[in-house]
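Q: Residue numbers (the working numbering), protein chains in the order written: chain A, 1 to 132; chain B, 1 to 72.
Check the hints yourself; a few may be wrong.
Covered, in the sense of this in silico footprint (three residues per stretch, anywhere, with C-beta under 8 Å from a C-beta of chain B), are these stretches of chain A [said to hold, decoys possible]:
| id | stretch |
| --- | --- |
| 1 | 12-24 |
| 2 | 32-38 |
| 3 | 42-56 |
| 4 | 93-101 |
Have a look at the derived ranges for each label pair, beta carbon to beta carbon [to be verified]:
| id | chain 1 | residue 1 | chain 2 | residue 2 | range |
| --- | --- | --- | --- | --- | --- |
| 5 | B | E16 | A | G64 | 52 to 62 Å |
| 6 | A | K3 | B | Y52 | 25 to 35 Å |
| 7 | B | S27 | A | T127 | 23 to 33 Å |
In case anyone wonders, no lab produced these hints; they're calculated from the structure. The beta-carbon is built from N, C-alpha and C at its ideal position, and this holds for glycine as well.
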Amino acid sequence: MLKIPRKIVNAIIEQGKREAPLEACGYLAGEDGVISKHYEMTNVDASEEHFSLDPKEQFAAVKGSRSEGLDILAVYHSHPASPARPSNEDIKLAYDPNIVYVIVSLQEENNAVRAFNIKKGIAKEMTVNVKG
Amino acid sequence: MKVKVNGNDQALDKSEVSVAELLAINSVEMPDMVSVQLNGEFVKKENYVNTYLNEADEIDFLYFMGGGRRSA
Chain A
1 MLKIPRKIVN AIIEQGKREA PLEACGYLAG EDGVISKHYE MTNVDASEEH
51 FSLDPKEQFA AVKGSRSEGL DILAVYHSHP ASPARPSNED IKLAYDPNIV
101 YVIVSLQEEN NAVRAFNIKK GIAKEMTVNV KG
Chain B
1 MKVKVNGNDQ ALDKSEVSVA ELLAINSVEM PDMVSVQLNG EFVKKENYVN
51 TYLNEADEID FLYFMGGGRR SA
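Start from the sequences, fold in the hints, and give me the full structure.
A: Here you go:
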């Protein structure tokens with residue numbers, strides 16, 4: 001289970017709307033499955049259909065969260081015009097077996113937020129508990 | 001030799017360990033898909049094999065993060 005405060009969910013939805021039609025992305029940090037901070041990142045692809053994080057920003061976020069005693073637990077991105085499900089490309093490019101992949105849909109009603117473990121090409125949805 | 005990997009202390013059995021070997025030790029199956037910083041400086045992928053670690057080095061690696069509806 002991944003617990004995400006409502007204010008962070010709202011923030012990443014707002015980021016998604018702000019950056020639409022491009023895909024928006026970022027990291028979620030916390031401890032023991034509980035998210036307490038988000039890092040908005042640049043989609044260096046600047047694409048409506050694809051995203052890639054900037055390695056410089058990735059390292060800055062990882063080291064910044066580490067200095068606060070937090071771990072990067074998840075990476076998120078928006079699907080401006082499709083459901084909150086991992087695409088074939090999302091699954092193909094999910095190289096990190098230890099991170100949770102969060103997808104926010106701007107198309108679905110109530111801007112659905114779903115989380116997935118993706119390992120060896122298999123995506124398994126996990127429970128997202130939005131609190132607060 | 002002791003180094004710090006992703007913020008955690010790690011003891012290495014050998015005195016000479018390359019970045020490529022360290023990634024293998026840490027079960028990175030696709031080293032081409034990770035970025036590496038050694039003491040805060042990026043290491044080019046083509047140099048993973050011939051870049052060796054020193055005592056107390058700080059090495060960080062992270063995976064490429066991307067996705068989308070089409071191929072990049």
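Q: If a hint holds in the structure, say so; if it doesn't, say that too.
A: Hint check results:
1. 12-24: The restraint on the stretch 12-24 of chain A is violated, since only 1 of its residues have a Cβ under 8 Å from chain B and three are required.
2. 32-38: With 0 residues in contact (Cβ-Cβ under 8 Å with chain B), the coverage given for the stretch 32-38 of chain A is violated.
3. 42-56: n = 8 at 8 Å, threshold three: holds.
4. 93-101: holds (count 6)
5. B:E16 - A:G64: 52 to 62 Å: The hint (52 to 62 Å, Cβ to Cβ) is violated, given that B:E16 and A:G64 are roughly 32 Å apart.
6. A:K3 - B:Y52: 25 to 35 Å: Since A:K3 and B:Y52 have Cβ atoms about 42 Å apart, the given range 25 to 35 Å is violated.
7. B:S27 - A:T127: 23 to 33 Å: Since the Cβ atoms of B:S27 and A:T127 sit about 27 Å apart, the hinted range of 23 to 33 Å holds.
Hint compliance for this structure: hints 1, 2, 5, 6 are not met, and every other hint is.
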